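Model the full structure from these sequences, guided by the hints.
Residue numbers (the numbering used here): 2 to 173.
Calculated from the structure, these hints are not laboratory results. Bear in mind that the values here come from a model prediction, so they are computed numbers and not experimental data. Take these hints with a grain of salt, some might be off.
[To be verified] Within a straight-line C-alpha distance of at most 20 Å, the following computed SDA-like cross-link-like pairs (lysine to any residue) qualify: (1) K53 <-> R140; (2) K21 <-> P10; (3) K53 <-> A138; (4) K21 <-> L31; (5) K14 <-> F24; (6) K53 <-> S173; (7) K53 <-> S142; (8) K53 <-> Q172; (9) K53 <-> A143; (10) K14 <-> L3.
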Amino acid sequence: ILMGEAPRPAVEKVRQSFAKAPFAPFETVLDVSVAGEGAPELAGIRLAGANKDTCQEAFSQIMARNVINFDTGSAVVSAASVGVLNNLAAVARRCDRYSIMIAGHTDDQGDRVANMALSRLRAQAVVNFLAARGVTADRLSAQGYGPDRPVASNASVEGQARNRRIEFSVQS
Numbered sequence: 002i003l004m005g006e007a008p009r010p011a012v013e014k015v016r017q018s019f020a021k022a023p024f025a026p027f028e029t030v031l032d033v034s035v036a037g038e039g040a041p042e043l044a045g046i047r048l049a050g051a052n053k054d055t056c057q058e059a060f061s062q063i064m065a066r067n068v069i070n071f072d073t074g075s076a077v078v079s080a081a082s083v084g085v086l087n088n089l090a091a092v093a094r095r096c097d098r099y100s101i102m103i104a105g106h107t108d109d110q111g112d113r114v115a116n117m118a119l120s121r122l123r124a125q126a127v128v129n130f131l132a133a134r135g136v137t138a139d140r141l142s143a144q145g146y147g148p149d150r151p152v153a154s155n156a157s158v159e160g161q162a163r164n165r166r167i168e169f170s171v172q173s
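Given below as structure tokens:
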């Protein structure tokens with residue numbers, strides 16, 4: 002894994018070098034970005050050598066403005082969520098000193114047992130996505146809470162939508 006931030010000319014030079022160099026049989030992950038650019042939610046957050054609180058803030062800022070969507074009634078990540086997940090993977094790779102717990106939640110509609118299983122499967126789908134993007138798998142864990150920890154009333158469609166969510170918790 003090569004990751005970091007630098008001025009645009011340096012980032013472009015690294016990207017070009019990586020594109021030309023054969024690294025087989027090694028798997029490589031290139032995670033370089035232009036300083037000051039990237040996910041707009043991360044403006045002003047420096048992840049280089051970040052502490053636990055800064056890493057948590059980065060996850061929270063991304064998730065405050067975004068939602069990870071899944072196909073209805075399934076744990077298949079919607080194609081529309083890939084960009085958000087890529088940004089989250091970049092944060093997780095840069096916060097490599099910490100473990101990350103991914104929590105899945107549902108609304109209270111339907112069978113509780115099915116919702117518990119679905120929330121766990123969705124959290125695991127996020128773990129699998131992050132691991133496939135170079136985040137060390139043993140730093141990631143998945144937990145499903147089903148409808149047990151609502152953040153809004155399930156009496157409205159809007160509340161139900163807010164309760165269907167994925168949360169990230171940075172652990173020491």
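Comparing the hints with the structure gives:
no., hint, result
1, K53 <-> R140, "holds (14 Å)"
2, K21 <-> P10, "holds (17 Å)"
3, K53 <-> A138, "holds (18 Å)"
4, K21 <-> L31, "holds (13 Å)"
5, K14 <-> F24, "holds (17 Å)"
6, K53 <-> S173, "holds (7 Å)"
7, K53 <-> S142, "holds (16 Å)"
8, K53 <-> Q172, "holds (7 Å)"
9, K53 <-> A143, "holds (19 Å)"
10, K14 <-> L3, "holds (13 Å)"
Violated hints: none; the structure is consistent with every hint.
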